[in-house]
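Protein chains in written order, with this note's numbering: chain Y, 3 to 431; chain A, 373 to 703.
The set of hints was computed from the structure by calculation and includes no laboratory data.
Nothing here was measured: the structure is a model prediction, and the numbers come from that model.
Built from N, CA and C at the ideal position, the CB exists for glycine as well.
Some, not all, of what chain Y presents toward chain A, calculated at C-beta under 10 angstroms:
no.: 1; residue: 203
no.: 2; residue: 211
no.: 3; residue: 321
no.: 4; residue: 322
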Amino acid sequence: MMGIVIKGGHIIDPANKLDAVKDLYIDSTGFITGIGKAPEGFEVARSIDAHGQIVCPGLVDLRARLREPGLEYKATMESETRAAVAAGITTLCCPPDTWPVIDTPAMAQMVQSRAWRFGLAFVHPLGALTQGLEGKLLTDMAALEEAGCVGVSNALEPITDTLVLRRAMEYAATFDLTVYLHAEDPWLRNTGCVHEGEVGTRLGLPGIPEAAETVALARDLALIEQTGVRAHFCNLSGARAVAMLVEAQKQGLPVTADVTAHHLHLTEHDIGYFNTQCHVRPPLRSLRDRDALRAALQNGVISSICSDHQPHEPDAKLAPFAESEPGISGLETLLPLTLKLVEDKLLTLNEAIALLTVKPAEILGVECGTLSVGATADICIFDPKSHWILNADKFVSRGRNSPFLGWEFTGRVTHTLVGGEVVFELGST
Amino acid sequence: MKRDDLQFDSHGRLRHLLTIEGLPRQTILDILNTAESFISVGEREIKKVPLLRGKTVVNLFFEASTRTRTTFEIAAKRLSADVINLNPSASSTSKGETLLDTVRNLEAMHTELFVVRHRESGAAHLIAAHVPEHVHIVNAGDGRHAHPTQALLDLFTIRRHKGPIENLKVAIVGDILHSRVARSEIHALNTLGAAEVRVIAPKTLLPTAVEKLGVHAYTDMREGLSGVDVVIMLRLQRERMTGAFISSEQEYFNLYGLTPEKLGLAKPDAIVMHPGPMNRGLDIDSAVADGPQSVILPQVTYGIAVRMAIMALIMGGAAQTESAPAGGRRA
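With the rest of the complex left out, here is chain Y (with noise of 0.2 angstroms):
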């Protein structure tokens, strides 16, 4: 049988607790079919050399807008996964958001079919919670689910009726379904942009108090306990909402949640003169709750790093501060950024690995994430001695909206394989 393989590389895999320098065989059909020896038979179609290189799971990203359907005019599909394997990033899941959207069989449908395509990343949707994402009528769970939908979440649309927050989550659970849950009382939001504290006061703008996150994620957890759903908090940001989730997992209750890459690296300071690529949602806090989050990724409380992606054509951010989008394309800096906690000795490469691959696969509930034999070849493969600076015209995303722009990283993609196939490698356009 003819395959690929990849030679000599460091191999990495926390799922089967595989740390070693070994061969790995892929055959035709896209699977990996051995690793440390050759399958009988196997005749080598190609030779990737990963000498000095660490070969890992292809990463899996738990929220990435793609901009498809609705605002092509910041990026597109194809542009999006073209960027998130040119990251290392094989599996990617969107949330419900666009326009129309996903809150029909139909447009799940569309989403996939979209991302198939172009035969980059695997595009997971999520299906909306409410219909229109307007919180109160409640979607045809079962059939989103049918149509391959990974969950159900009202994206940042706040449900302010807690009845029906109450039986959305019930018809969650009865068919199993994690409910993504964004932790954000929109009152005390109100008309917020930056943390509520000394940063916002100095600029005068409108603050979003810790409280706005707390008093949410209080109310959601004690749905959680009453309903019994599985749930997963996106992109929790203060030290106080980490406090609370440590006592929610103690007591049993099915929850996990992720952080962004960029919440574990900025702070509120960062924004310095109304630095509009820090504008993000939940804002960057405080040094301690920065602090909080990367103590939470340590002791496995937050249990993936997501890029939270968000491309936006460059107009989106010259505007005043509160008036300008907020978001980070971030795909491409998911690695770089999770290689830098490993630099600065917060996280072993392992634990990094897996934060990125099989724990957020867990979460998706979805087969991906790690190097099984007989698992799907998605692979990451990085130099990680490879220096380099981030600067606007290495973005493959059609976003080059980031903070950092500049910024010195050590790790690089230089091959990205997706059901066994090569689709990106560094270098070759």
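Keeping the supplied structure of chain Y fixed, place chain A upon it in accordance with the hints.
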């Protein structure tokens, strides 16, 4: 902290005036001293000097204003500049033109100075970061962030009526949360080394971590006014009730309105200031506003001289001390 000194050119000369924060003491003194020399211009029969002859000043007010716009207009005209007043909130921006597009169009008409007021914090910084080298920006108020010319004219007023700032205790009373005037005044007073700056308001109108700006916060006006040399009252917008910031006009006036009785707790020779527009009977009692300790109208008069000084320093040949300040945050 980024130290892109937007406000200064490569020679350390003031190029834009966007915020007081980080402005060196000497720059502030240069402006105040230059303003002193312009006071006499307003008292002459022919109230003009030719410093900005042939230059075009655009008053670009995205948010309504009477006093500030008018004093800028008079100031520019007394410097012999041509002045254009635009109120784009009613025209281009409502047609979907972006803020920067509006500015670029006006820039293409070869104008040299924009006096900008905008409802959003950071608007003046955004514009200043995107104009060519020969164009200057003066911030005439951005959101809740800064109103540097108001703060400078307030300093000028205090200096004229009370002498050196160093020995003075100043209280700022009212809606600190929404006030760009308060933020700029706090930075200005602290840069010139005021003995103490106090802010007085109910907790709903005090920003989080306000002490970090270098002030003492009081919720009791009687306590806060005790022994101060200067009382600066801020306007309370009547709409604040609907945002649940205050309960009623009566209660607000009872607790935070400046009455002769409350003023009696300040030093006997304390002065009273207000950036306007005043809400008589809500933030200030007429007996105080029109009383002997009030310097509210001189503030307006000085405002012209101070704005002349700023424009002359930024665009004209008026002497300024080139600054190479060490440390501190600057825009």
